[in-house]
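Engineer: Sequence:
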Amino acid sequence: MNKVEYNQTEGFPLDVNILDFGQKANQISQELGHIIAPLAIVSGCTENSNNISDGVVFIEGELLPFKGGLKQDNIRVVEEIEKREFENGVQKDVLITRFATFGIGAVKTYKWSDFYRSITIKEIEKRLVHPGFIQDYYGDINKIPVGWYLCDGQNGTPDLRGLFTVGYDDRNAEYNQVGKTGGEKEVLLTSRQSGLREHNHTVYDPGHTHRVTFKLGDDRHSNGSHPNARNDRDTTAISERSYTGITINSSMSLNALDYHENRPPFYVLAKIMYKG
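Okay, so the sequence shown: first residue is 1 according to UniProt numbering, each after it adds one.
The calculated DSS-like cross-link candidates involving lysine-lysine, where the alpha carbons are at most 27 Å apart (straight line), are:
1) K126 x K143
2) K275 x K180
3) K271 x K122
It should be emphasised that the hints constitute simulated quantities derived from the structure, not laboratory data. Being a predicted model, the structure only gives us computed values, none of them experimental.
The whole structure should be built from the sequences, with the hints applied where relevant.
Structural biologist: See the structure below:
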(Lines of atoms letter the chains of each structure in order from A and count residues from 1; the text may use other names and numbers.)
(Lines give C-alpha, C1' and ligand atoms only; values in the text may rest on other atoms or scores of the structure.)
Protein backbone atom coordinates (compact mmCIF):
# COMPACT_ATOMS: atom_id res chain seq x y z
CA MET A 1 0.00 0.00 0.00
CA ASN A 2 1.23 3.49 -0.77
CA LYS A 3 2.16 5.74 2.15
CA VAL A 4 3.39 9.25 2.92
CA GLU A 5 6.42 9.88 5.16
CA TYR A 6 5.08 12.85 7.13
CA ASN A 7 7.49 12.55 10.07
CA GLN A 8 10.39 14.54 8.65
CA THR A 9 12.29 17.70 9.61
CA GLU A 10 13.62 20.72 7.74
CA GLY A 11 10.32 21.93 6.31
CA PHE A 12 8.03 19.20 4.93
CA PRO A 13 6.43 20.45 1.67
CA LEU A 14 2.82 19.82 2.69
CA ASP A 15 0.28 20.79 0.07
CA VAL A 16 -3.05 19.53 -1.27
CA ASN A 17 -1.36 17.05 -3.58
CA ILE A 18 0.43 15.39 -0.67
CA LEU A 19 -2.80 15.21 1.32
CA ASP A 20 -4.70 13.77 -1.64
CA PHE A 21 -2.00 11.14 -2.12
CA GLY A 22 -2.33 10.05 1.50
CA GLN A 23 -6.10 9.87 1.31
CA LYS A 24 -6.05 7.73 -1.82
CA ALA A 25 -3.44 5.43 -0.32
CA ASN A 26 -5.83 4.68 2.52
CA GLN A 27 -8.82 3.98 0.28
CA ILE A 28 -7.44 0.68 -0.96
CA SER A 29 -8.16 -0.84 2.45
CA GLN A 30 -11.87 -0.46 1.69
CA GLU A 31 -11.58 -3.31 -0.80
CA LEU A 32 -11.04 -5.82 1.98
CA GLY A 33 -14.74 -5.62 2.80
CA HIS A 34 -15.58 -7.41 -0.46
CA ILE A 35 -14.07 -10.56 1.02
CA ILE A 36 -17.08 -10.80 3.32
CA ALA A 37 -20.21 -9.62 1.47
CA PRO A 38 -21.72 -6.49 -0.12
CA LEU A 39 -23.42 -5.81 3.23
CA ALA A 40 -21.41 -7.05 6.20
CA ILE A 41 -20.69 -6.60 9.89
CA VAL A 42 -16.92 -6.34 10.19
CA SER A 43 -16.68 -5.97 13.96
CA GLY A 44 -18.78 -5.16 17.00
CA CYS A 45 -22.54 -4.72 16.51
CA THR A 46 -23.32 -7.30 19.18
CA GLU A 47 -26.88 -7.68 20.41
CA ASN A 48 -27.88 -7.44 24.05
CA SER A 49 -31.52 -7.17 25.17
CA ASN A 50 -32.56 -5.98 21.71
CA ASN A 51 -29.87 -3.30 21.66
CA ILE A 52 -27.01 -3.30 19.15
CA SER A 53 -23.59 -2.04 20.18
CA ASP A 54 -21.28 0.19 18.13
CA GLY A 55 -19.08 -1.43 15.52
CA VAL A 56 -17.86 -1.31 11.94
CA VAL A 57 -19.89 -2.29 8.87
CA PHE A 58 -19.21 -2.62 5.17
CA ILE A 59 -21.80 -1.17 2.80
CA GLU A 60 -21.36 -1.49 -0.95
CA GLY A 61 -17.61 -0.96 -1.06
CA GLU A 62 -17.25 1.40 1.90
CA LEU A 63 -16.11 0.73 5.47
CA LEU A 64 -18.18 2.78 7.90
CA PRO A 65 -18.39 3.20 11.66
CA PHE A 66 -21.71 1.94 13.02
CA LYS A 67 -23.50 3.82 15.79
CA GLY A 68 -25.66 1.35 17.65
CA GLY A 69 -28.89 1.70 19.55
CA LEU A 70 -32.28 0.05 19.82
CA LYS A 71 -32.50 -2.65 17.18
CA GLN A 72 -34.62 -1.70 14.16
CA ASP A 73 -35.32 -3.19 10.75
CA ASN A 74 -33.55 -0.60 8.60
CA ILE A 75 -30.08 0.93 8.29
CA ARG A 76 -29.18 4.30 6.79
CA VAL A 77 -25.92 6.08 6.03
CA VAL A 78 -25.55 9.51 7.63
CA GLU A 79 -23.19 12.15 6.24
CA GLU A 80 -22.20 15.10 8.42
CA ILE A 81 -20.30 17.98 6.83
CA GLU A 82 -18.18 20.59 8.62
CA LYS A 83 -17.28 23.79 6.87
CA ARG A 84 -14.12 25.83 7.31
CA GLU A 85 -13.45 29.42 6.38
CA PHE A 86 -10.75 29.91 3.82
CA GLU A 87 -8.33 32.86 3.54
CA ASN A 88 -10.66 34.61 1.14
CA GLY A 89 -13.45 34.48 3.73
CA VAL A 90 -15.49 31.80 1.91
CA GLN A 91 -16.68 28.76 3.85
CA LYS A 92 -16.34 25.44 2.13
CA ASP A 93 -17.01 21.78 2.96
CA VAL A 94 -13.86 20.41 4.56
CA LEU A 95 -14.55 17.62 7.04
CA ILE A 96 -17.01 14.95 5.92
CA THR A 97 -17.98 12.34 8.50
CA ARG A 98 -19.93 9.28 7.37
CA PHE A 99 -21.38 6.53 9.54
CA ALA A 100 -24.19 3.97 9.52
CA THR A 101 -27.00 3.71 12.04
CA PHE A 102 -30.60 2.56 12.38
CA GLY A 103 -33.27 4.49 10.54
CA ILE A 104 -34.74 5.32 7.14
CA GLY A 105 -32.32 6.94 4.73
CA ALA A 106 -33.15 9.93 2.57
CA VAL A 107 -31.38 8.37 -0.42
CA LYS A 108 -31.15 4.65 0.31
CA THR A 109 -32.12 2.24 3.07
CA TYR A 110 -30.68 -1.20 3.86
CA LYS A 111 -32.24 -4.10 5.73
CA TRP A 112 -30.43 -5.00 8.94
CA SER A 113 -31.30 -8.67 8.32
CA ASP A 114 -29.29 -8.53 5.06
CA PHE A 115 -26.01 -7.81 6.85
CA TYR A 116 -23.71 -10.81 7.03
CA ARG A 117 -21.62 -11.15 10.18
CA SER A 118 -18.00 -11.85 9.33
CA ILE A 119 -16.04 -14.69 10.90
CA THR A 120 -12.30 -15.26 10.98
CA ILE A 121 -10.52 -17.63 8.63
CA LYS A 122 -9.60 -19.73 11.63
CA GLU A 123 -13.26 -20.07 12.55
CA ILE A 124 -14.10 -20.97 8.95
CA GLU A 125 -11.55 -23.77 9.07
CA LYS A 126 -13.12 -25.11 12.25
CA ARG A 127 -16.56 -25.13 10.68
CA LEU A 128 -15.46 -26.68 7.40
CA VAL A 129 -13.41 -29.52 8.79
CA HIS A 130 -12.92 -31.11 12.19
CA PRO A 131 -10.75 -34.01 13.36
CA GLY A 132 -12.73 -37.18 12.76
CA PHE A 133 -14.48 -36.00 9.60
CA ILE A 134 -14.47 -38.62 6.83
CA GLN A 135 -15.16 -37.89 3.18
CA ASP A 136 -14.83 -39.41 -0.28
CA TYR A 137 -11.66 -38.64 -2.24
CA TYR A 138 -11.18 -38.90 -6.00
CA GLY A 139 -7.49 -38.11 -6.30
CA ASP A 140 -4.10 -39.72 -6.34
CA ILE A 141 -3.77 -41.93 -3.26
CA ASN A 142 -0.15 -40.82 -3.00
CA LYS A 143 -1.19 -37.14 -2.92
CA ILE A 144 -3.84 -37.05 -0.21
CA PRO A 145 -4.10 -33.46 1.16
CA VAL A 146 -2.12 -32.51 4.26
CA GLY A 147 -3.93 -33.40 7.47
CA TRP A 148 -5.96 -36.13 5.80
CA TYR A 149 -5.25 -39.88 5.95
CA LEU A 150 -6.50 -42.90 4.05
CA CYS A 151 -8.98 -44.93 6.11
CA ASP A 152 -6.93 -48.13 6.09
CA GLY A 153 -6.77 -48.84 9.82
CA GLN A 154 -3.52 -46.88 10.20
CA ASN A 155 -2.83 -43.45 11.77
CA GLY A 156 -5.87 -43.73 14.02
CA THR A 157 -8.31 -44.25 11.15
CA PRO A 158 -10.95 -46.98 10.78
CA ASP A 159 -10.29 -49.57 8.08
CA LEU A 160 -12.94 -48.81 5.45
CA ARG A 161 -11.21 -50.46 2.50
CA GLY A 162 -13.77 -52.24 0.34
CA LEU A 163 -16.65 -51.41 2.70
CA PHE A 164 -19.95 -49.58 2.36
CA THR A 165 -20.98 -47.31 5.23
CA VAL A 166 -24.40 -47.02 6.86
CA GLY A 167 -25.88 -44.20 8.94
CA TYR A 168 -25.93 -44.33 12.73
CA ASP A 169 -29.38 -45.34 14.04
CA ASP A 170 -30.00 -45.74 17.78
CA ARG A 171 -33.29 -47.51 16.99
CA ASN A 172 -31.55 -50.44 15.33
CA ALA A 173 -29.32 -52.78 17.33
CA GLU A 174 -27.06 -53.33 14.31
CA TYR A 175 -26.47 -49.60 13.72
CA ASN A 176 -26.61 -48.12 17.23
CA GLN A 177 -22.86 -47.71 17.73
CA VAL A 178 -20.28 -45.97 15.55
CA GLY A 179 -17.72 -48.54 14.44
CA LYS A 180 -19.99 -51.60 14.32
CA THR A 181 -19.53 -53.89 11.33
CA GLY A 182 -21.71 -56.46 9.59
CA GLY A 183 -23.09 -57.72 6.31
CA GLU A 184 -21.75 -60.17 3.74
CA LYS A 185 -20.18 -59.61 0.33
CA GLU A 186 -21.83 -62.80 -1.03
CA VAL A 187 -24.68 -64.96 0.28
CA LEU A 188 -25.48 -68.64 -0.28
CA LEU A 189 -29.28 -68.72 -0.32
CA THR A 190 -31.07 -71.43 1.67
CA SER A 191 -34.29 -73.10 0.57
CA ARG A 192 -36.25 -70.75 2.81
CA GLN A 193 -34.67 -67.70 1.13
CA SER A 194 -34.91 -68.98 -2.45
CA GLY A 195 -38.50 -70.27 -2.18
CA LEU A 196 -37.63 -73.96 -2.88
CA ARG A 197 -38.94 -75.21 0.43
CA GLU A 198 -40.19 -78.66 1.52
CA HIS A 199 -43.54 -79.63 -0.05
CA ASN A 200 -45.88 -82.67 -0.42
CA HIS A 201 -47.78 -84.13 -3.36
CA THR A 202 -50.93 -86.26 -2.71
CA VAL A 203 -52.91 -88.35 -5.24
CA TYR A 204 -56.08 -90.10 -3.98
CA ASP A 205 -58.14 -92.72 -5.93
CA PRO A 206 -61.27 -93.83 -3.98
CA GLY A 207 -62.03 -96.93 -6.13
CA HIS A 208 -64.71 -97.07 -8.89
CA THR A 209 -66.87 -99.32 -11.18
CA HIS A 210 -67.57 -99.45 -14.93
CA ARG A 211 -71.12 -100.50 -16.12
CA VAL A 212 -71.72 -101.83 -19.70
CA THR A 213 -75.27 -102.62 -21.05
CA PHE A 214 -75.87 -104.72 -24.28
CA LYS A 215 -78.46 -107.04 -26.00
CA LEU A 216 -77.87 -110.64 -27.09
CA GLY A 217 -79.04 -112.15 -30.38
CA ASP A 218 -79.52 -111.16 -34.03
CA ASP A 219 -81.61 -108.20 -35.21
CA ARG A 220 -82.86 -110.27 -38.22
CA HIS A 221 -84.95 -112.62 -36.07
CA SER A 222 -87.77 -111.89 -33.70
CA ASN A 223 -87.50 -112.55 -30.06
CA GLY A 224 -87.36 -116.31 -29.33
CA SER A 225 -88.33 -117.59 -32.88
CA HIS A 226 -84.87 -118.57 -33.97
CA PRO A 227 -81.81 -119.85 -32.23
CA ASN A 228 -80.04 -116.60 -33.13
CA ALA A 229 -83.00 -114.37 -32.33
CA ARG A 230 -82.23 -111.21 -30.35
CA ASN A 231 -83.36 -111.11 -26.80
CA ASP A 232 -85.03 -107.77 -26.10
CA ARG A 233 -83.88 -107.82 -22.52
CA ASP A 234 -80.81 -105.80 -21.62
CA THR A 235 -77.78 -107.53 -20.25
CA THR A 236 -75.52 -105.58 -17.95
CA ALA A 237 -71.88 -106.31 -17.07
CA ILE A 238 -70.10 -104.52 -14.24
CA SER A 239 -66.33 -104.14 -13.85
CA GLU A 240 -65.18 -103.18 -10.36
CA ARG A 241 -61.89 -102.13 -8.81
CA SER A 242 -61.43 -102.51 -5.13
CA TYR A 243 -58.85 -99.72 -4.62
CA THR A 244 -59.96 -97.61 -1.69
CA GLY A 245 -57.37 -94.87 -2.29
CA ILE A 246 -53.83 -94.17 -3.47
CA THR A 247 -51.64 -91.62 -1.62
CA ILE A 248 -48.19 -90.54 -2.79
CA ASN A 249 -46.13 -88.39 -0.47
CA SER A 250 -43.02 -86.54 -1.69
CA SER A 251 -40.98 -84.26 0.58
CA MET A 252 -37.78 -82.37 -0.36
CA SER A 253 -35.97 -79.01 -0.13
CA LEU A 254 -33.16 -77.56 -2.23
CA ASN A 255 -30.49 -75.06 -1.18
CA ALA A 256 -28.66 -72.81 -3.69
CA LEU A 257 -25.50 -74.23 -5.23
CA ASP A 258 -23.76 -70.90 -6.03
CA TYR A 259 -23.21 -67.74 -3.99
CA HIS A 260 -25.53 -64.78 -4.66
CA GLU A 261 -24.10 -61.26 -5.39
CA ASN A 262 -25.12 -59.13 -2.43
CA ARG A 263 -23.87 -55.64 -3.54
CA PRO A 264 -25.54 -52.81 -5.47
CA PRO A 265 -23.70 -51.30 -8.47
CA PHE A 266 -20.61 -49.52 -7.13
CA TYR A 267 -18.03 -46.86 -7.96
CA VAL A 268 -14.76 -46.86 -6.03
CA LEU A 269 -13.67 -43.72 -4.15
CA ALA A 270 -11.13 -43.51 -1.35
CA LYS A 271 -12.34 -42.81 2.18
CA ILE A 272 -10.06 -40.28 3.88
CA MET A 273 -10.19 -38.92 7.43
CA TYR A 274 -9.08 -35.52 8.73
CA LYS A 275 -6.71 -35.74 11.68
CA GLY A 276 -5.46 -32.15 11.74
